[in-house]
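Student: Next come the chains, spelled out residue by residue.
2 protein chains.
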Amino acid sequence: MEVESASQVKAGIFPRGWDYLKALPKKSMSKIINFAKSIKKIGQDDPRRVTHSLKVGIALTLVSLLYYWRPLYDGFGVAGVWAVLTVVVVFEFTVGATLSKSLNRTFATLLAGTLGVGAQHLATLFGQKGEPIILGFLVFILASGSTFSRFLPRIKARYDYGVVIFILTFSLVSVSAYRVEKILELAHQRLSTILVGGATCIVISVFVCPVWAGQDLHNLVASNVEKLANYLEGFEGDYFQFSEDEQIPLASKDGKSFLQGYKSVLNSKGSEESLANFARWEPGHGRFLLRHPWKQYLRIGALVRECAYQIEALNGYINSDVQSALEFKRKVQEPCTKMSSECCKALRVLSSAIKTMTDPSAANPHIERSKTTVNDLNNALRAASLKDANLLAMVPIATVASILIETTKCVEKISEAVNELSHLAHFKYVEKSNVSSEKPHLLHRGSIKPVLDNDCTHVAITVHETNTVSAETKEIPQAPKPQPTDETVNIC
Amino acid sequence: MEVESASQVKAGIFPRGWDYLKALPKKSMSKIINFAKSIKKIGQDDPRRVTHSLKVGIALTLVSLLYYWRPLYDGFGVAGVWAVLTVVVVFEFTVGATLSKSLNRTFATLLAGTLGVGAQHLATLFGQKGEPIILGFLVFILASGSTFSRFLPRIKARYDYGVVIFILTFSLVSVSAYRVEKILELAHQRLSTILVGGATCIVISVFVCPVWAGQDLHNLVASNVEKLANYLEGFEGDYFQFSEDEQIPLASKDGKSFLQGYKSVLNSKGSEESLANFARWEPGHGRFLLRHPWKQYLRIGALVRECAYQIEALNGYINSDVQSALEFKRKVQEPCTKMSSECCKALRVLSSAIKTMTDPSAANPHIERSKTTVNDLNNALRAASLKDANLLAMVPIATVASILIETTKCVEKISEAVNELSHLAHFKYVEKSNVSSEKPHLLHRGSIKPVLDNDCTHVAITVHETNTVSAETKEIPQAPKPQPTDETVNIC
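Those protein sequences? They're chains A and B, same order as listed. When the letters of the first sequence are read in order and numbered with UniProt numbering, they come out as residues 1 to 492. When the letters of the second sequence are read in order and numbered with UniProt numbering, they come out as residues 1 to 492.
The reader is advised that the hints may include incorrect statements.
[To be verified] Think about it this way: if two alpha-carbon atoms lie no more than 20 Å apart in a straight line, the pair counts; the simulated EDC-like pairs of lysine to aspartate or glutamate are:
1. B/Lys409 / B/Glu327
2. B/Lys263 / A/Glu406
3. A/Lys371 / A/Glu334
4. A/Lys156 / B/Glu92
5. A/Lys413 / A/Asp359
6. A/Lys263 / B/Glu92
7. B/Lys269 / A/Asp359
In short, the hints are calculated from the structure, not lab data.
Construct the entire structure; sequences and hints are all you get.
Tutor: Take a look at the structure:
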């Protein structure tokens, strides 16, 4: 019996193994195809990723010339490896990150190199036996101290890489100096190759299809504001649609993608902060001057997240049953719809004002209207008497109204922060008298594309004294130091 | 006049300059003192930071021995710099991060070194003129491809550093090989020094006061759950205290620190994910086995954040006026207080169950009670008739009740996820018959400290067959593969 069953098992294993082998090419083929598809998707999602990869390849190949090309090799010698190392480690996706790393690396190398040579000279004073002890002690003290300094938030945010390179170079120089005699020549070679590597990275990242962290932060904040607007628009149409057609099943509302867009806003803090950190290292580019108020974007971002938390709470009620408590619902429906629609309009105006860097005050009427609606709602509620009220059914509707009121407050705060940004960053504004009052309506219906930095076909209309053109761009009067021409020049 | 005013200005400048100079030592002194205080605070907040800094110092000094000590230097030669470099770059705060970087570095160096030598051999086939072209082409292709692969989320999360080192080593080896003849010897030296550096880091980070990413993740999730409980406890006491004493001014409630603790939960996603990533690299340690379900912590973390979003919405109402709508408030107050207090108790039990890795089912009665309370509230609302209701004043109270109901749902989900974790991670549980039913009450009053990994005075009571000890620890029956002794052994 046992033998039989064992042979059965064996007979079972072989065909199964054969099936597995037969299926293998198909399986691995489909895996490869899936992998290729995911790669394609990553490239399509952001084509700058492909460009970045090519740029790194070009930079590395260029730096390899230090080896291939005789005259350069004679100049730099074996230290050329440091140029290759620098390019690989320093070249980052955004210009700001690349600049931050290059500058950190260069200055840390310079400082640590000097200190290292000094430490070596100090150590020689203690004789041949004392030298390694003193050097070891100095390396220990400096490495421990510098490592601890990496926990300081300010250093962590801006100079973390510099501190690593500082420890690295100090240890290398002070320790190498113990053996290598031509230390100064080595240090000079190392520094110059690092400069060559760093400069190659900077030049390529700035001049070949640059990816600016500042521009990314700017777009991220604007698109986050728009995501909130999208949600409110969807919510407005979705939650209260039952008044006309109460037959639509509730299940059909689940999983609408435009209602999920705001979810990414909830966890945007990290990426906003790192982009703002890198943006500070960047020179003026496109529409952004050197000291662009990047910190203000973080403030707007925090308020946008606050609003997204309210929306997350609101989202819990989108599928709740609003078919009962009709009397109460009717009382609440109109002001709620109006509140969310005005908030949505205001957010769209603010988003497009950030994107196009124009006057955001067109959002003010919407915010005023939403505030009036809150008062209307309060008055209606104050005057209401509900004799046959189903309190249980009222609670979720009251909650939605209440959260919408909180959302309105958040939107007002966002508007104030965007206004502040418009002053700090000298946004341009279009004179109201010449433009029809319908502009905000136009803005929130279409989707306005931002003017691209590299797009030199864009012409900024700047007319002074003569009012022949209907749209006149000029500085906001509150701006402390108007710099009108710089921005226009920077665009092309 | 002009001369006079100019001399006045001069006369004004000098005393001011003198004042500035006189004040300088005081100012810089106070700045230095502030700086020292902030450094002290960082060390006190987490003393492991100081230990980590000292560990890096020790590792670097040890590796420097490669240079100082003659026999070692003769073995490794100038390649010893790679050991120093490895220590500086690879030594991270947690064991997981250090292991991840060391292993990534070692395997990437090995792979890229082999490929680099192969590429060099291939290139020699194309003659002296073709060689640099082929090498340059290969460097370009591999650098671009590898850089692009860093955008793949899976590679980004686990192998990012490895890919960087792969590009680095491949470029270095294939390019250096063009000039340096003793390439194999160099490669061997480089690899062995990297191994020495990496091994030094791993040994020191594992055996000298180790900081485990897994333990940190475990503590973070448990403390986040507790922060929610703290909020609910504070809210319960704060929001409804007016029923007894309505004279307390509202302003006094602002800025209570225990009500702000939950704010850090909102943005915990990033740190949880990176800790979970590093934890996967760690071997079994303390109470955590090799394949501890770290992913489940991420799931709990996401649910905890969801609950924190509800609390953020709730927090908007803590200062709202609840002095009107007394009738409605009275109706709602009791169930609301009970809901939040039961949720708070359940969360405390769950938090301490995670911390001590014991059975979390003591939370179930609290959750059941909170669910019953929701029904009670619903029934009360259904039966209520409010003739003279002030609808306006009711809305915020209804909102609080409604959000508390949502919070109850969140807490239930958290409880389910913690239960799943307890099965996946083979939590131990105490037999109920022998322990008084008051246990949950005890748990949520005191603060239970987790058993420390290194604390060898801890004795795990494991009694089999005989029931003489009241607390009997045994495996949960659902656990697929019970490994009871391993955990106890690992603790000491």
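Student: Indicate, hint by hint, whether the structure satisfies it.
Tutor: Status of the hints after comparison with the structure:
no., hint, result
1, B/Lys409 / B/Glu327, "violated (27 Å)"
2, B/Lys263 / A/Glu406, "holds (18 Å)"
3, A/Lys371 / A/Glu334, "holds (14 Å)"
4, A/Lys156 / B/Glu92, "holds (14 Å)"
5, A/Lys413 / A/Asp359, "holds (16 Å)"
6, A/Lys263 / B/Glu92, "violated (32 Å)"
7, B/Lys269 / A/Asp359, "violated (35 Å)"
Against the hints set out earlier in the document, violations occur for numbers 1, 6 and 7.
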